[in-house]
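Participant: Chains as they are written, first to last, in my numbering: chain A, 1 to 109; chain B, 1 to 114.
A portion of the hints provided could be inaccurate.
[To be verified] Calculated cross-link-like contacts (lysine-lysine; reagent style DSSO-like; alpha-carbon spacing at most 30 Å):
hint	chain 1	residue 1	chain 2	residue 2
1	A	Lys81	B	Lys57
2	B	Lys101	B	Lys57
3	A	Lys76	B	Lys101
4	B	Lys101	A	Lys81
5	A	Lys68	B	Lys101
6	B	Lys9	B	Lys101
7	A	Lys57	A	Lys81
8	B	Lys9	B	Lys57
9	A	Lys76	A	Lys57
10	A	Lys57	A	Lys68
11	B	Lys9	A	Lys76
12	B	Lys57	A	Lys68
[Stated by the list, open to error] What follows is a list of derived Cβ distance ranges for each label pair:
hint	chain 1	residue 1	chain 2	residue 2	range
13	A	Thr13	B	Asn77	38 to 48 Å
14	B	Glu53	A	Leu51	26 to 36 Å
15	A	Gln79	B	Gln17	41 to 51 Å
16	B	Gly84	A	Gly93	21 to 31 Å
17	B	Ser79	A	Lys76	41 to 51 Å
18	B	Asp71	A	Leu74	39 to 49 Å
19	B	Thr20	A	Glu14	40 to 50 Å
Don't read these hints as lab results, they were simulated from the structure. Even glycine gets a Cβ: it sits at the ideal position worked out from N, Cα and C.
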Amino acid sequence: GQNIDQPTEMTATEGAIVQINCTYQTSGFNGLFWYQQHAGEAPTFLSYNVLDGLEEKGRFSSFLSRSKGYSYLLLKELQMKDSASYLCAVDVGANNLFFGTGTRLTVIP
Amino acid sequence: DSGVTQTPKHLITATGQRVTLRCSPRSGDLSVYWYQQSLDQGLQFLIHYYNGEERAKGNILERFSAQQFPDLHSELNLSSLELGDSALYFCASSARTGASKELFFGEGSRLTVL
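Work out the full structure, taking the sequences as your base and the hints as a guide.
Facilitator: Spelled out as structure tokens, the structure:
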């Protein structure tokens, strides 16, 4: 079976840094994605990791350790508009992205 | 705007009815995926089509079916609807080429079954 674990909710302060963790146990692994989803809206792509290490893209960075089945999304210089759900998803092969239930981040002033 | 178009945006219907959700992928994308997202639930993969052929099936009920047409648009048919089928249904498309299999999601169709 497939399993992805993420914290359900997190709260952080505007201007701060927050790390959202994701652990996974899947039958296959072709890469890991992070998506952002504002309430009632479509998910939008943030990052993709297939090799171990850190991928940086502006205020957002994503890290992957395949041997540990672990990833995190790092958000720097938090802004109010970053309040959203952050979805960790694993490409388990056969063209199938398996999504976690997401972490709801609330940014407070 | 992701370039993926879904209709209708909202749909209210009664138990036992049948509905059809429609998706037009981004121009040039051959793959179409359908996902279901219930309240406070993750995105549940339903089915994937590539260039008209079914490629993968997830947790799709037998009451649900889908197809992809020659013009690459896709339809998801939901029949004998139950209250628990109320959810957001997302369609996503992706390009065949490239290392990243980034999915581009439509705005979703919100189905309410009363």
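Participant: None of the hints should be skipped; say for each whether it holds.
Facilitator: For each hint, the structure was consulted:
Between the alpha carbons of Lys81 of chain A and Lys57 of chain B the distance comes to roughly 35 Å, so the proposed pair goes past 30 Å and is violated. With a CA separation close to 17 Å, the supplied pair Lys101 of chain B and Lys57 of chain B stays within the 30 Å bound. In summary, the hint linking Lys76 of chain A to Lys101 of chain B is supported, as the alpha carbons are separated by about 26 Å, within the 30 Å threshold. Restraint check for Lys101 of chain B and Lys81 of chain A: the C-alpha separation of about 26 Å stays at or below 30 Å, so the hint holds.
Distance restraint check for Lys68 of chain A and Lys101 of chain B: the Cα-Cα separation of roughly 23 Å lies within the 30 Å cut-off, and the hinted pair is therefore satisfied. Between Lys9 of chain B and Lys101 of chain B the CA atoms are separated by roughly 26 Å; this keeps the pair inside 30 Å, and the hint holds. Annotation: proposed proximity of Lys57 of chain A to Lys81 of chain A holds, straight-line Cα distance about 17 Å (limit 30 Å). For a cut-off of 30 Å, the pair hint linking Lys9 of chain B to Lys57 of chain B stands: about 24 Å separates their Cα positions.
Between the alpha carbons of Lys76 of chain A and Lys57 of chain A the distance comes to roughly 11 Å, so the proposed pair stays at or under 30 Å and holds. Between Lys57 of chain A and Lys68 of chain A, the direct Cα distance comes to roughly 23 Å. Compliance with the 30 Å bound is thereby established for this hinted pair. The hinted pair formed by Lys9 of chain B and Lys76 of chain A fails the criterion: a straight-line CA distance of about 34 Å is larger than 30 Å. A threshold of 30 Å between alpha carbons decides the hint, and for Lys57 of chain B with Lys68 of chain A the separation of about 28 Å falls inside it, so the pair holds.
Taking the beta carbon of each, Thr13 of chain A and Asn77 of chain B are about 47 Å apart, inside 38 to 48 Å as hinted. Taking the beta carbon of each, Glu53 of chain B and Leu51 of chain A are about 31 Å apart, inside 26 to 36 Å as hinted. A C-beta distance of roughly 43 Å is found between Gln79 of chain A and Gln17 of chain B, which places it inside the suggested range of 41 to 51 Å. Between Gly84 of chain B and Gly93 of chain A, the C-beta spacing of about 29 Å keeps the proposed range 21 to 31 Å intact.
The supplied range of 41 to 51 Å is met by Ser79 of chain B and Lys76 of chain A, whose beta-carbon atoms lie about 48 Å from each other. A beta carbon spacing of about 42 Å between Asp71 of chain B and Leu74 of chain A agrees with the range 39 to 49 Å that was offered as a hint. The beta-carbon spacing between Thr20 of chain B and Glu14 of chain A, approximately 44 Å, falls within the hinted interval of 40 to 50 Å.
This entry does not satisfy hints 1, 11, going by the numbered hints stated previously.
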